[in-house]
Amino acid sequence: MKPLIFILSCLIGLIVNPTAGLARQETVQGQVRDANTNEPLAGVNIVVKGTETTTTTNSDGRYTIHVAANTTLVFSYIGYESRELPATTGTLDVSLNPVNSALSEVVVVAYGTATKATYTGSASVVSATEINKQQVSSVSRTLQGLVPGLQSVASAGQPGSDAEIRLRGIGSVNASSAPLYVVDGAPYAGDINAINPADIQSISVLKDAAASALYGSRGANGVIIITTKQGNFDANPTVTLNANSGISNRAVEDYSKLSTQHYFELQWEALRNNQLDQGKTPEEAAQYASNELVNTLKINPFGPSYPNPVGSNGRLLAGATPLWNDDWAESLARNGMRNQIDLGISGGGNSSRYFVSGGYLRDQGFIIGSQFTRLSARVNYNTKVNRWFETGVNISASTTNQDAPPQSDSNTGNYANIGRLIANIYPLYERNPDGSYKLDHNGNRIYDFGNYRPSTASAGTNLLGQAYLNKHNNKRDLITFRGHVQLNLVPGLHFKSSINADYTNALNHSYTNPDFGSGVANRGSVTKSASRALGYTFNNLLDYTFDFAERHHVNILAGQEIYVYNVSSLSGGRSNFGFSGKQEPAAASLITAFTGLSDNYKLASFLGKLEYNYDQRYFFSASFRRDGSSRFSPESRWGDFWSLGASWNAKSEAFLADVSWLDNLTIRTSYGAQGNDNLGGYYAYQDLYSIYNSLGQAGLITARLPTPGLKWETNLNFNAALDFAILNNRLSGTFEVYKRSSKDLLFSRPLAPSLGFGEIDDNIGSLQNTGFEGQLQGVLVNASGFRWNLGVNFAHFTNKITELPQNEIISGNVGQLGSTKKLVVGSSVYDFYIREWAGVDPENGKPLWYKGDASSGRSTTSVFADADQYFQGSSLPDFYGGVTSTFTYKRFELSALLAYSLGGKILDLDRVMLSHNGENFGRTWSSDMLNRWTPDNPNTDIPRLTTVTTGWNGISSRFLYDASYARLRNVNLAYTFPSSWTSRIGLQHLRVYGRGENLLTFFGPDGLDPEQAVDGVTFYRYPAQKTFTFGMDISF
Amino acid sequence: MKRLNITFIVCVWLVFLTTSCSDSFFDTAPANNLTGNEAFSSTQNIDALVNGTIRYLMENATSQDNPGFAAIMLTNEVMGEDAIARDGVYGFRDSYPFRDPYDNTTRRALFFWTLLYKVIDNANNILANTDRADGTDDEKKWLKGQAYALRAFAYLNLVQQYQFTYAKDKDAPAVPIYTEPTSPASEGKSRATVEAVYNQVFADLANAEQLLETYQRTVKNRPNLHVVKGLMARAYLATEQWELAAQKAREAREGFPIMSAQQYLEGFNDASNVEWIWGHPQQADQNLGGASFFAYIDVTPPTGYRSIMPDPYFWQLFDDQDIRKSLFEFEGDPSHPIYRWLKYKKFINKPDRAGHIPLMRASEQALIEAESEARLGHLSAALLALNELRLKRNLPELEETAFNAAQLIEEILLERRRELWGEGFRLTDILRLQRAVDRSESTLTYPANGQHLLIKGHYIRVFPDNSPLVANSPYYLFSIPVNEWNNNPNL
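If you read the sequences in order, they're chains A and B. With UniProt numbering, letter number 139 in the first sequence gets 139, and the count goes up by one each step, no holes. With UniProt numbering, letter number 261 in the second sequence gets 261, and the count goes up by one each step, no holes.
There's no promise every hint is true.
[What the hints assert, rightly or not] One side of the interface only, derived from the structure: several residues of chain B facing chain A at Cβ under 7 Å:
| no. | residue |
| --- | --- |
| 1 | Ala48 |
| 2 | Leu49 |
| 3 | Tyr90 |
| 4 | His378 |
Treat the hints as calculated values from the structure; they're not laboratory data. A quick note: this is a predicted structure, and the numbers were derived from the prediction, not measured. Glycine is no exception: its CB is placed at the ideal position from the N, C-alpha and C atoms.
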């Protein structure tokens, strides 16, 4: 570390000795700014017309040039319209108008900003306009369909839940494949859903090495940079107010289910068939089934007049009709309300600017008991104290309150799954045998918790009855601080020091009431947990921009950074409430759990970046970062990450300067190495014994084998791209190809379980993602007030394992159901490796699967365990992206975003839940079961019913479907009132709009929501919801 | 001047920052783990490893239907004839029809295997590292003795469940034997023969017997000398070494009188019971709650799984004056989920759901003694042990004149069924005796509500392939999980 200090000191020493300027007869100086944002523009080319005298603006947009009298200056800058102005002695401040294209976009990138047109890296930007069109409660959900190469899967409909995001394929197998979030310049340690989308100015998605290698050991899976709004210098205060209100409900209709009559007839058949299998005669078996049916299902919805409602012919007796028709899934559904109000005030003087905002959101969700509320406030303030001192702070505070009842997994408390556990033959409210409601002493209906039901039909559960009594609440308070001071040492040289902290205080409160449902046995229970997490980044950066020999432009950044994360938690539980209605632990009498933990994670880094361009034509960049991480042993703690990038702006060449139809042509490429240290745990090298106390005495148990050499995964990233714009920027696009090779991949190398460990962590194996992506946007129509903008983006990648520690690794375990994937060299990380369904044996109705391999000949078996597993395709899509379309006619705007994903497979385990063969008494049955095998219906893909499991709904290709889908993510119709009208009522701007989120879903299989996890396995999740909203924007 | 000052400040700042960034900056340690060096630094810490290993054995659960070692106990029950996994109820529904753990892809197959081998590896760690720890020689002896006992217990279970009995084929491949702790370089081993595994069990128990001579335990879940002798008796019984089995059973139950008839009604939930030689106490903050041994076998609570029911023909095995018969109750309420089942109220959970789990009782040892003596032809010695138990169950003594040896052996085996129901011995007895599971459809009725109601009984009476239940069927064996086959090339 000492050499670095030396170098830095020398560097500083050199620059404090400014060279003296050369004096001529006339000097023009001034500042060049963006006409819209008032931001200074660095690197603007200024030529004295008709001469070869040129200069460029410095990083503050300032320039000085020496000219003869009566000359003209030409200001040109990529992405902006050039201006010619007469040179006047003294000050000449100039503002340039951006040309209407993506090229002029200023992209927030790692440790700075860049202009899209000259950036050597690969970055996509999502603007505030696009974000604000969406009615989502978490920022992570706004990117779907908007960023080429970004795969976003919102696998839960729970309000406030995040989307799973993968950039350019899957970067890792056992470590995280999720991107790094950076908020206002520093890695973000809070919850993404705590950020108010209305505060966001832009989101940059960094995809290649040149863009993200500066984030070193955390950049391997891409970086998502969120930048919040700032005020403008010299701008009058502006107030913006946005309010909207809407309704949410289920986006995709649920699976269709058997009617009560069919349910009874099919359960009868299952009982009869099992008796036949135990050796009874058909008559005995049928009689047995008729006699035992009601006692098996523990309910008789046909009333006491029909004690055995299904006759020995297997048909419902004539005249028997169900006395109720309840729907358990519908019982928990509602029209959820969504309300949002955001207020922002921004402005600035000549030396300072500010943005202040406040927001309120309440998103109920369509499942009863769920809800997300956020209150947020923000102050962003920047000031230039004098020529050499600038400072700024961004402070935001938010509090979120989420009610998230259990909504994944197969357990009986899952609100999303309850309709697939309890068949609609059971009443929601307690009934008398004649079907009339039982009433309590107040005359109210009584929820039927069904203690009488078989446990396969969730005995003792009525989530509707519990929803208002139990509690599943998460509260988060988050404070985010971003502060910096910047010293402008000499022109072009800045020293910036920043401190950034994210502080989260979380409180979870989960309560099960003692009177009804699952809490009856232990008189209710409560757990309450709190945690405090603080992540802070402290960095010091030196940034020097200078030119030499007129056309050579250089920017150097060097600095140091530390990141420290600490989380400390406390949780406890009690049971046995003495009183109803009291929900806090203080009211419960038996302590069942108390524990607390803390973890620390530290990272120290040195980083540097060099950018050079020659005459705005040839651009080069290089970056380097060295990271030390507390996750690894001292021997393998430090890692080096780097990148090289280059781009060529062909349009700036003389031979293209006169091609009028071509507005831009840029070719760029990059290569580099980024890291991934997110291996899951924080202590990735020691042999560990878990503290496992027992009966009041110390206890230990082996937890982990030692792996002293364990280190980060490295991603080697190649990118090549072409950007173009033609026809006066009416059509522009980008096309990129890439190859990401992950090496030293962290694997949980499976061990023989007889060794006492299931796996050992190891850096073995490598993985490759190769792909291409692109986007095209154009103004298709622009005539007589009508304008149609269309954007299309698309991406394709191939994920391939190139090296493994052993021949194959079975992966993708789904709880009780077994594995779903196998990793071998040449396959993707999400290749389904499951049993292959061979149909139903027409002879006997048994389910069949294949066994044997192609060489020795395949045969079928009716024993699930004997069947072999085969590769059945990958969950990864072949092609995905989005289409955006905006029609503008006068003051109306109609816009739409369609996200699509083509190819890939999805394993529908939700369907498995309701496709049992009769062994799960009282559990919901899909109406598919009507087509079960019978001697009269021998050719079918639903086997014969029986009360013993046949394994037929075990994991097999029977439940594997094509995952292709398209979803109309949002539609937006807005009308902006004329300013002549609004100014009369004192407003600058007034707009009203109606919006729809997830209005249409195009997907093959019935009942399933297509947005499930990236690995293609469903998990009984809260399905997506659609939302209709109306609202207005006002500014004054 | 001003600029120079700034430069100076910046330099000082950087020097301050970089020098503070030494290796100690990175020091972090997990709050809930010890490293190997810490774990084996003292006998006190190693004692924690013994304590944790026993908790793991009894309480580790990968899913609700696999509540630690009790999952093996209950599987052994429902795969026999005297217990039934109630239909439509979560828990042991797939073991009852011989589907799991026979199916090597099931989580149960993986769970049983992993549970026992993890105990073995922890015991191996204790045996390998105790000598270099700080502590007295006695402490080290006792720790190693307990580790040997736990390892022997694990191997004894494995050898009886993963291959047919010793008498059938002692050279058949059973399970791999590990006696060294697993390291990153370890590889899976091949299956040792049934005989080799028993040899390991006998060697470990002999070591344990010697090392635990003076050991005094404070909690009944620790294996002491009596537990070791009881395990020896079980192993000798399984290998048909009758004299040794009888002798060790006798020694094992010394000081543990058989409980009285009245105590038999107390719910089998407390290790303080006079005849519990080995048992695992529970407490409110660490038991498995609604998915524990008791949650499945205790049929008295108003809600919960209550999965394990007695066969009506098992009820008929009891004489009327037998105190155990008073624990049966017929459920005649049509709205009750257990309607028309017999409930056997042998096990009743404690109010805080922390019922203790029995692992070895004097009665079992008395029955080992009786059976071994009977097989040796020592009928009077056999009856002495059997009658000692019968008297405590309100039954009259049996006379030697009423039996020949074979009849007496059958009577003792019936007594094992009556006495040990629910404690996990039935399937291993069926395998040891090389008999078929005997399940009949219930035709028995019970008077209730003014009518004779058919008592519910066995609803599965054939193997999954619809073939009849026969002796020495592979359906009775636990299968080596598919993960082991996939990851152990030496198997």
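Of the hints stated earlier, which fail here? 4
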